[in-house]
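Protein chains: 2
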Amino acid sequence: MSGEKKISIAVIRRLPRYFRYLSDLIKLDIKRISSKELSQRMDITASQIRQDLNCFGGFGQQGYGYNVELLYEEVGKILGTDKGFKCIIVGAGNMGNAIANYENFKNRGFEMIGIFDVDPKKIGTVINNIKVLHLDDLDDFVKNHHVDIAILTVPNKHVVGVANKIKELGIKGIWNFTPTDLKLGDEVVVENVHLSDSLMVLGYKLKEKESE
Amino acid sequence: MSGEKKISIAVIRRLPRYFRYLSDLIKLDIKRISSKELSQRMDITASQIRQDLNCFGGFGQQGYGYNVELLYEEVGKILGTDKGFKCIIVGAGNMGNAIANYENFKNRGFEMIGIFDVDPKKIGTVINNIKVLHLDDLDDFVKNHHVDIAILTVPNKHVVGVANKIKELGIKGIWNFTPTDLKLGDEVVVENVHLSDSLMVLGYKLKEKESE
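Taken in sequence, the protein lines are chains U and R. Take the first sequence: its position 5, counted from the start at 1, is 5 in my numbering, and no numbers get skipped. Take the second sequence: its position 81, counted from the start at 1, is 81 in my numbering, and no numbers get skipped.
Don't read these hints as lab results, they were simulated from the structure. Here a beta-carbon is modelled for each residue, glycine too, at the ideal position from N, C-alpha and C. Don't take each hint at face value.
Facing chain R, from chain U, some residues (calculated, C-beta under 10 Å) [to be verified]: (1) Pro16; (2) Arg20; (3) Lys31; (4) Met42; (5) Cys87; (6) Gly96; (7) Asn101; (8) Leu133; (9) Leu135; (10) Thr153; (11) Lys172; (12) Trp175; (13) Met200.
Per the computed footprint, the stretches of chain R lying under chain U, defined by three or more beta-carbons under 8 Å from a beta-carbon of chain U, are [said to hold, decoys possible]: (14) 13-21; (15) 76-87; (16) 95-108; (17) 197-210.
In silico lysine to aspartate or glutamate, EDC-like type, Cα no more than 20 Å apart, as pairs [claimed, not checked]: (18) U:Lys36 - R:Asp181; (19) U:Lys77 - R:Asp197; (20) U:Lys167 - U:Asp136; (21) U:Lys165 - U:Asp186; (22) R:Lys106 - R:Asp119; (23) R:Lys183 - U:Glu210; (24) R:Lys106 - R:Asp24; (25) R:Lys165 - R:Asp137; (26) R:Lys106 - U:Asp197; (27) U:Lys86 - U:Glu69; (28) R:Lys205 - U:Glu74; (29) R:Lys77 - U:Glu73; (30) R:Lys172 - U:Glu210.
All chains, full assembly: derive it from the sequences and hints.
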């Protein structure tokens, strides 16, 4: 059902949110839900929900609503959670530690299998059951383990060098936490995370609120 | 110029990105830029750029392009970077540490002025020149310091209690890193950050790429 027609990136960016809310509904043992109820929970209009979910076939039935588990599974399949992604973290600082310890990645299909750094004090330490290796060992590691995604939390001055190395090693996905927007051509898919963008939006909303 | 007409949230969410790129241009000593050049750097269409920047008056001149510094200042003003926001971090774990040490918040108008936790091992330690205080001291702290934004990096089970406390203390903005989408009514502006959403989008793009 999925993957047959091109879904816009705007819709794709909303899917993880559906996935989270559907996962919560399953935990609450809710079997089906109308677009109206889902709309109230998610703070998205019901018509937006119907439009989004129609993009990939539409799982709702008039008068019945959505089958929660079916929709959850289908959204997960579209996102690839059933496929599973093997990830490594490059940079064992605070952000690298936070990511390695984040509890919700694994049940979304992302498994952390390696952590790398260059700081002798960090090499050999264990973070959430993963031993920190030296970055020089990355080549060997990639020869012996399939790696889908490299998560970059290195200092900004090192990011271009590390990103090029990762590209050379044939890793196809980069989740980039450094301030530099990486552009590595068509071979590598990059998702740049800029935490400050979200904080600036909050600042804007706050300023608007105060001027009301 | 700003604040006079309502700008859509979709445009607002793109502004921090303009702000970042304009800041880079200033560092490169570039005085003016066409929408076409900016488009190539930012990977946004030139027509999108013109449309976005027209929302708040339009700073471009036909045949001249945009005055980089003027545009940077104006985007900053719209976002409130000139106003400045005082922030506290609640939760001195890895994510709290990462945020406290993040170098780019201050020059975007966000100053960290306090860090709170409940773990006796953390109380009294110093993170980026800020002493970690006990959460019980938050009331006193807020009496003596103006706080615009509380950044929540507490364990998920504590988030609702902490958020309600923050609301009671009259803090109007919450930047929430916990998995729980907070809804605190109209009094408090909340920006929920879900890191896994971005990772899931990366996973989707990777899966699509592999099936090409």
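### Query
Holds or violated: R:Lys106 with U:Asp197, Cα cutoff 20 Å?
holds, 13 Å
### Query
Going by Cβ atoms only, is U:Gly96 closer than 10 Å to chain R?
Cβ of U:Gly96 sits 8 Å from chain R, so the hint holds.
### Task
Hold the hint about U:Pro16 up to the distance rule: shortest CB distance to chain R must be less than 10 Å.
With a minimum Cβ separation of about 4 Å from chain R (threshold 10 Å), the hint on U:Pro16 holds.
#### Entry: U:Met42 as chain R interface residue, shortest Cβ-Cβ below 10 Å
At about 8 Å, which falls below the 10 Å cut-off, the nearest Cβ of chain R leaves the hint on U:Met42 intact, so it holds.
### Query
Regarding the pair R:Lys106 and R:Asp119, is the alpha-carbon distance no greater than 20 Å?
Violated. R:Lys106 to R:Asp119 sits at ~27 Å, over the 20 Å cutoff.
### Query
Quick one, are R:Lys77 and U:Glu73 close enough, alpha carbons at most 20 Å?
violated, 44 Å
### Query
Checking C-beta pairs, does the region 95-108 of chain R have three or more residues closer than 8 Å to chain U?
holds (count 9)
### Query
If you draw a straight line from the CA of U:Lys86 to the CA of U:Glu69, is it 20 Å or shorter?
Violated, because 25 Å separates the two Cα atoms, which is more than 20 Å.
### Query
Has the given pair, R:Lys183 with U:Glu210, been kept, meaning a C-alpha gap of at most 20 Å?
Holds - the C-alpha atoms of U:Glu210 and R:Lys183 are around 19 Å apart, at most 20 Å.
### Query
Does U:Trp175 pass the interface check with chain R, least Cβ-Cβ distance below 10 Å?
Constraint on U:Trp175 satisfied, holds at 5 Å.
### Message
Hinted pair, alpha-carbon criterion (20 Å max): U:Lys36, R:Asp181. Please report holds or violated.
### Response
holds, 19 Å
### Query
Under a C-beta cut-off of less than 8 Å, do 3 or more residues of the region 197-210 of chain R approach chain U closely enough to confirm the stated coverage?
holds (count 14)
When held up to the earlier numbered hints, the structure conflicts with 3, 8, 9, 22, 27, 29 and fits the remainder.
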